[in-house]
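J.: Please build the complex by placing chains F, H and P with the ligands on the supplied structure of chain R, with the hints as guidance.
Residue numbers (the numbering used here), protein chains in the order written: chain R, 1 to 338; chain F, 1 to 338; chain H, 1 to 334; chain P, 1 to 334.
If you're looking for bench data, these hints aren't it; they were derived computationally from the structure.
What you are looking at is a predicted structure, and each value in this text was computed from that prediction instead of being measured.
From the three backbone atoms N, C-alpha and C, an ideal C-beta is built for every residue, glycine too.
Some hints here could point you the wrong way.
[Stated by the list, open to error] Just a few of them, taken from the derived set where beta-carbon distance is under 10 angstroms, the chain R residues facing chain H:
#1 Gly103
#2 Gly168
#3 Val257
#4 Leu322
#5 Ala325
#6 Asp326
#7 Val330
[Unchecked claim] Where chain F lies over chain P, by a calculated footprint (3+ residues, C-beta under 8 angstroms):
#8 61-69
#9 119-131
#10 138-144
#11 155-166
#12 178-185
[Said to hold, decoys possible] Pairwise CB distance ranges (calculated):
#13 R/Gly176 / F/Tyr324: 47 to 57 angstroms
#14 P/Gly48 / R/Pro264: 15 to 25 angstroms
#15 P/Glu316 / R/Gly87: 37 to 47 angstroms
The primary structure of each chain is shown beneath.
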Amino acid sequence: MTARTAESPGAPPNFDRQRLLDQYRMMCRIRAFEEAAVGAISDKLVLGAIHPSIGQEAVAVGVCGTLDRADILLSTHRGHGHTMAKGADPVAMMCELFGRAGGCCSGKGGSMHIADFEVGMLGANGVVGANITIAAGAAHAIKLKGEDRVVACLFGDGAINRGPFLEGLNWAQVFGLNVLFVCEDNVFSSTTRTSTMTAGPGAAARAEAIGIPAVEVDGNDVLAVEAATKELLADVRRGQPRFLVAKTYRLTGHTGVDPAPYRPAEEVQEAWTRDPIARARAMLETAGYEAGDLAAIAAAAQREMRAAYDTARAAPWPDSDLAYADVQDVGDPRMVAF
Amino acid sequence: MTARTAESPGAPPNFDRQRLLDQYRMMCRIRAFEEAAVGAISDKLVLGAIHPSIGQEAVAVGVCGTLDRADILLSTHRGHGHTMAKGADPVAMMCELFGRAGGCCSGKGGSMHIADFEVGMLGANGVVGANITIAAGAAHAIKLKGEDRVVACLFGDGAINRGPFLEGLNWAQVFGLNVLFVCEDNVFSSTTRTSTMTAGPGAAARAEAIGIPAVEVDGNDVLAVEAATKELLADVRRGQPRFLVAKTYRLTGHTGVDPAPYRPAEEVQEAWTRDPIARARAMLETAGYEAGDLAAIAAAAQREMRAAYDTARAAPWPDSDLAYADVQDVGDPRMVAF
Amino acid sequence: MGRMTYIDAARQTLAEEMRRDPTVWAVGEDLGRGGVFTQYKGLVEEFGPDRISDAPISEAAILGAAVGAAMMGTRPVVEMRFSDFALCAVDELVNQAAKARYMFGGQSRVPMVVREPIGMWRSSAAQHSQSLEAWYAHIPGLVVVTPATPADLRVLLAGAIRCDDPVVFMEHKDLWALEGEVPDGPVGGDPIAELGRARIARAGTDLTVVSWSAAVHGAMAAAETLGKEGISAEVVDLRTIWPWDREAVLASVRRTGRLLVVHEAVAAGGFGAEIAATVAETLHGDLRAPVRRLGAPRIPISYAPPLEDRVRVTPEAIATAARGMVGQPEAANG
Amino acid sequence: MGRMTYIDAARQTLAEEMRRDPTVWAVGEDLGRGGVFTQYKGLVEEFGPDRISDAPISEAAILGAAVGAAMMGTRPVVEMRFSDFALCAVDELVNQAAKARYMFGGQSRVPMVVREPIGMWRSSAAQHSQSLEAWYAHIPGLVVVTPATPADLRVLLAGAIRCDDPVVFMEHKDLWALEGEVPDGPVGGDPIAELGRARIARAGTDLTVVSWSAAVHGAMAAAETLGKEGISAEVVDLRTIWPWDREAVLASVRRTGRLLVVHEAVAAGGFGAEIAATVAETLHGDLRAPVRRLGAPRIPISYAPPLEDRVRVTPEAIATAARGMVGQPEAANG
Ligand SMILES: Cc1ncc(C[n+]2csc(CCOP(=O)(O)OP(=O)(O)O)c2C)c(N)n1
Ligand SMILES: Cc1ncc(C[n+]2csc(CCOP(=O)(O)OP(=O)(O)O)c2C)c(N)n1
Ligand SMILES: [Mg+2]
Ligand SMILES: [Mg+2]
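In isolation and in its complexed conformation, chain R is listed as follows (with noise of 0.2 angstroms):
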């Protein structure tokens, strides 16, 4: 029992090319984002951990910006390129991860709980795992209700050793929710190589076993990875769950302050000639594009970030009687007695 592994289309000869400069652009947006929010750190401006995807923009924009805005959308601690793929405005964003008012989460989340219901993004997850069963309960409520929209639910290569990777594909499966798994598989869990604590063939052997067909994609080919999402969510429109994994590569440390020296620096150079946004670049250069106008929309991206970031830092901090808002209906949180 293996996953089929969808081929890499490379360049396909009849690929749209308005479509990949669009992937290209919000490729680059988000890598910009990552880099912005990484230097606010030095900065003391972003005082949580966040958790870069720098190196896995092409799974991002593959996965979640193939999805329609009513689709739903659960991610994890690195979910900042997920966000942003499926809508979410960075400047929130920013001023979220800054804790700042006009945060997208008031300011209460941060990086970890990330989350823009508006389009459809039900949250980050600071529980590696917890977002599976969630996910298989939303689209629980999807078919209770009779909707056609579908759920994708990604989480990395670490938390296919968790418990609730079992309990909610299964649960997903017994039920025929509309639910797209999706592994970013990027071979670290922190700083644990995964592979080494990780038994058996891999994720997408696990998956079938529990019923759900797999498919493996190289995660730095962002045409691979929505054609592979596409085909995929045309089964999970009709209630039948897949599974989606996509290879790819953590670029940077576990965490904005990581440095990782546990990777070996060959693997780390090799790794960087597979660097999704300059595969897209090459590509499109490829296809005809001028090598400048491609450079001229990463110089964009990196100024729109930066705007985003001086946008965050000018902004207030929340009020923070904010701090007694949405704990419960019932109630008084405050300490009455003393």
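T.: Below, chains F, H and P with the ligands alone, put in the same frame as chain R:
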């Protein structure tokens, strides 16, 4: 990927008659124990819930009876048979079910926490699937101490939908531990037909997707179960976890008081034709034993368990001060203040 | 007023809420056959298997799926079977359900009811008898309901289902067969407003006994005995421990000058400590005797009756404690 | 006496215990690279990957495996990384580890240490900041350790590892860098006997401030301020909340007549309630002011500093509460 099915030898020409006779005797004793325990419910002597293993005796005897005394067993809420087959004293077990002095857990555990560490039986468990990670840990200690004992972990078909199933199997395989996982598939999980809530090809496929070779066997054929267990244990003792699926059927209700109306009568009738004890008896007759002698063994088992019942009924209640013993070494559990 | 059992109140109220609101659905192991205590009996026949749904033995998925389904506009009622098994889904309840509304800055609501039957009946031992209501009262974002009577189960279950936040609804396993008076007709008024409202189960003047869930009945029995001796005990049934009715408790203790808190759970770190501490902090000068608590010793629950009974808070123990308090001269050193 | 940081005390003590007892081993995610806070740095080089073991992201298996390994005669030290993630393994800790010795009638011991870093540092939000020590103090069978200083972390970790029962060992994430005096040489005496023994962190006569973990330092700062104003506060560091040193607390309050309990955890249902209730029950007549508690409001912890700070119990708040208590006439109605 499909699990190999260990062929049911029936009565192989060269099988060990005396051995099968002993297995038949043990199965009769387990059956008699369960019948005596169920009878004790209406007699108001067993006060807590019990889960009879009637119809599943061949799994208990074929697996647990094949272990060495030094080997370790982790069982479930339906663990009377496993415990007896590992060598525990049915009188101490019956006293435990009656909550009397002399019970193997001093009356603190009852049926769902039956245990006899003397014979390597480290406990039944009231939480489905919880014994799987504990079994992996017991084997982890065995590895750290450089011993060659094995751990057998039995659980039901319903347990494969719990997270610890994934986490415990992955753990055992990653660390190369001496664990034999045995899924005792009796078709039901409480009142639920397990197949209706279980996605995919089943237990064996899930184990193999975690890299653990799995074998399926006719769980009502004690010789087949023993043969498969012996074969797998050879690998297990070398630090290679193995997985056995024993297909059987729960001939009674979920508990001693469940009439189980949710099962079609024909299904139950058909299942009785595969009664593991009747099958062993038939094999023994073919092998030349007298029907009368075999009936006498069954009758002796009945008498033995009737005597255990009488001993337990006559046993005194435990001293209630025991309630404060074996809580923990430090701290005072009493409400000193009031 | 008609009479109804605790379990019939549970069944009927869920059915009524499901009729009035099509987004309400229930999920848990064996529900299609009525559930382990038959508290769902007959419901699948009326509402079908999608709304009275079976579940695999996957507590984490049952609770986690409910969180997602609640965020997406349905109102799941999840059955945990025994509160002990809910310990297999604590991340989902405490890190996810309780915090989602807050962490996401109010973008979502998580209207779900987590039914967790609690408590001792007979010989169920350490993994099937716990009462951990104090845990959930300590968790911001959760509502904790502990009904003692059929009438309260009825109104509070309706309130829990209509509440927009996650509610841990703890029925007591030993009360299923309890009969009691229940108002006729559907639940009226605003049942959500009942969350946090205590009930004076018996009026009295000499001391206030605060309790909840099954322990209320032990308190009532003790009050009966004390009454014959001329000691007038007021019994306050909190009904919900978060929110808990601080005002009602303080008002009662202001009148009686004495507080005895009684619960089945382990006394050490039990919710009785919160009530006793609050009263001691707030009414110190008004107290005619030191506050007191009765709860279980800090030991696991045994299977054998004589051992199991050692953790029970009996009416006799309650009456004895009350006598000591009333006999006790003011400001004496307990 | 030498100086050492909290994290060095953690590292060195584990190493010493592993040297003196070959059955001690540690397991958790990323331990081979020193662990998430570097509290295991250098250990794998000395003890190898079998005794300083990595783990998959499988909290339930980490804890459940430790239970089995402990029953089989080893002494696992399991790293939960953040106490919040331990909520993924509550069945294993509460239903299995805490109850095994008892349920099986004393046939087994479960000597294991569950390390659960607790508390707020900065902008870690609701799922990485909790302090749930009160939960575990409520569970029979568990020992709960909350060291505030390098010296205490050292002796209490040795005691926890040598203890034959499961210990929840809660280091505070904000204290890793804290430096303090530590006795030279290996841990002497009987460190197990230190479990349940409080420390008078500062002697005083006007009121007793009981605290533990990081909150002790806030209490000390407040006591300093109060001292300048002529208010003499005694600070009692419980060090372990189960067992907790009832005698030491009662002796101190008998002297001072006033009790203020201070902890970082949510006040509602926090362990401070147990201490306040016990003192109110036992010393009612000796109290010169009502008992008081300071803890967090019952809200999840935010990411943005201004919101996050609203749940912090500051030295200023402690001093203000203390002033109120000391100024307060006896038996007044608070
Ligand atoms: C249940 C749980 N355990 C541990 C952690 C700590 N942690 C945060 S991220 C991470 C690694 C996750 O690896 P993976 O799933 O591959 O995602 P990636 O970080 O590679 O995107 C860990 C262990 C956590 N957040 N939740
Ligand atoms: C975590 C957990 N959930 C639910 C239960 C209630 N329960 C007890 S036995 C049982 C059915 C178990 O089915 P299976 O694993 O097939 O074992 P069997 O009873 O058939 O031997 C259930 C749901 C439990 N004990 N633990
Ligand atoms: Mg990864
Ligand atoms: Mg079964």
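J.: None of the hints should be skipped; say for each whether it holds.
T.: Going down the list of hints, with the structure as the test:
no.: 1; hint: Gly103; verdict: holds (7 angstroms)
no.: 2; hint: Gly168; verdict: holds (6 angstroms)
no.: 3; hint: Val257; verdict: violated (23 angstroms)
no.: 4; hint: Leu322; verdict: holds (8 angstroms)
no.: 5; hint: Ala325; verdict: holds (7 angstroms)
no.: 6; hint: Asp326; verdict: holds (4 angstroms)
no.: 7; hint: Val330; verdict: holds (5 angstroms)
no.: 8; hint: 61-69; verdict: holds (count 8)
no.: 9; hint: 119-131; verdict: violated (count 0)
no.: 10; hint: 138-144; verdict: holds (count 4)
no.: 11; hint: 155-166; verdict: holds (count 3)
no.: 12; hint: 178-185; verdict: violated (count 0)
no.: 13; hint: R/Gly176 / F/Tyr324: 47 to 57 angstroms; verdict: holds (52 angstroms)
no.: 14; hint: P/Gly48 / R/Pro264: 15 to 25 angstroms; verdict: holds (22 angstroms)
no.: 15; hint: P/Glu316 / R/Gly87: 37 to 47 angstroms; verdict: holds (44 angstroms)
Hint compliance for this structure: hints 3, 9 and 12 are not met, and every other hint is.
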